[in-house]
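Colleague: Which chain is which? The protein sequence lines are A and B, in order. When we follow the working numbering, the leftmost residue of the first sequence carries the number 44, and every step to the right adds one. When we follow the working numbering, the leftmost residue of the second sequence carries the number 50, and every step to the right adds one.
Note that these hints are calculated values from the structure, not bench results. Fair warning: this is a prediction, and the values are worked out from it, not measured in the lab. Hints are not guaranteed to be accurate.
[To be verified] Only pairs whose alpha carbons sit at most 20 Å apart, straight line, appear in this in silico SDA-like list of lysine to any residue:
{"#": "1", "chain 1": "A", "residue 1": "K148", "chain 2": "B", "residue 2": "I109"}
{"#": "2", "chain 1": "A", "residue 1": "K44", "chain 2": "B", "residue 2": "Q90"}
{"#": "3", "chain 1": "A", "residue 1": "K148", "chain 2": "B", "residue 2": "L60"}
{"#": "4", "chain 1": "A", "residue 1": "K85", "chain 2": "B", "residue 2": "K58"}
{"#": "5", "chain 1": "A", "residue 1": "K44", "chain 2": "B", "residue 2": "R93"}
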Amino acid sequence: KQEVTQIPAALSVPEGENLVLNCSFTDSAIYNLQWFRQDPGKGLTSLLLIQSSQREQTSGRLNASLDKSSGRSTLYIAASQPGDSATYLCAVGPMNRDDKIIFGKGTRLHILP
Amino acid sequence: DGGITQSPKYLFRKEGQNVTLSCEQNLNHDAMYWYRQDPGQGLRLIYYSQIVNDFQKGDIAEGYSVSREKKESFPLTVTSAQKNPTAFYLCASGRILTDTQYFGPGTRLTVL
Numbered sequence: 044k045q046e047v048t049q050i051p052a053a054l055s056v057p058e059g060e061n062l063v064l065n066c067s068f069t070d071s072a073i074y075n076l077q078w079f080r081q082d083p084g085k086g087l088t089s090l091l092l093i094q095s096s097q098r099e100q101t102s103g104r105l106n107a108s109l110d111k112s113s114g115r116s117t118l119y120i121a122a123s124q125p126g127d128s129a130t131y132l133c134a135v136g137p138m139n140r141d142d143k144i145i146f147g148k149g150t151r152l153h154i155l156p
Numbered sequence: 050d051g052g053i054t055q056s057p058k059y060l061f062r063k064e065g066q067n068v069t070l071s072c073e074q075n076l077n078h079d080a081m082y083w084y085r086q087d088p089g090q091g092l093r094l095i096y097y098s099q100i101v102n103d104f105q106k107g108d109i110a111e112g113y114s115v116s117r118e119k120k121e122s123f124p125l126t127v128t129s130a131q132k133n134p135t136a137f138y139l140c141a142s143g144r145i146l147t148d149t150q151y152f153g154p155g156t157r158l159t160v161l
């Protein structure tokens, strides 16, 4: 059974610093991996989607990498801003199309002004 | 505008009452989902549907019911059998189960 873990559960970083959020998964047979952002009391917004055949995806200051063999993904945020404060969740899409996407519990990020 | 909507944003229920949460999408997605989110617990899947008139239980279906009579709509009923219904409920949709999911803004249910 696929398990998705995100450590740490919370992180505080001074504004302007680059940072990395981690996501690990137990079964490397995945279809894709996705990073979401959630603001307090709101729904999830998709940030980046990496297909299993890809190694990374970039969008603006965000870069997500995927290493299936080690069961890890990272989300790199460059030049952090207070507006980046949110909870970041990763989700793994299974190879079996009848299985469901599995979410991590998220990392709550706070950027200190 | 294409998107997924949930209503109401806030909902209050007395103990013993059933309540229905609305979820509508105009993205032409086949798959729809209901999640429950509690502090520190992450997202937990309640029910999901891959096609009209068909749905499957997720990890915590007890005390909940759904219907999928139209492709655009996937309402969730929280019944009186759900012992701890106070939570934030999120609806999502996607083209297929393994595709990216698009989330609604959520409904916060409070039992008084």
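Colleague: Next step is simple, just say for each hint if it's right about the structure.
Modeller: A quick look at each hint next to the structure:
{"no.": "1", "hint": "A:K148 to B:I109", "result": "16 Å, holds"}
{"no.": "2", "hint": "A:K44 to B:Q90", "result": "18 Å, holds"}
{"no.": "3", "hint": "A:K148 to B:L60", "result": "25 Å, violated"}
{"no.": "4", "hint": "A:K85 to B:K58", "result": "10 Å, holds"}
{"no.": "5", "hint": "A:K44 to B:R93", "result": "15 Å, holds"}
Hint check: a violation occurs at hint 3 only; the rest are consistent with the structure.
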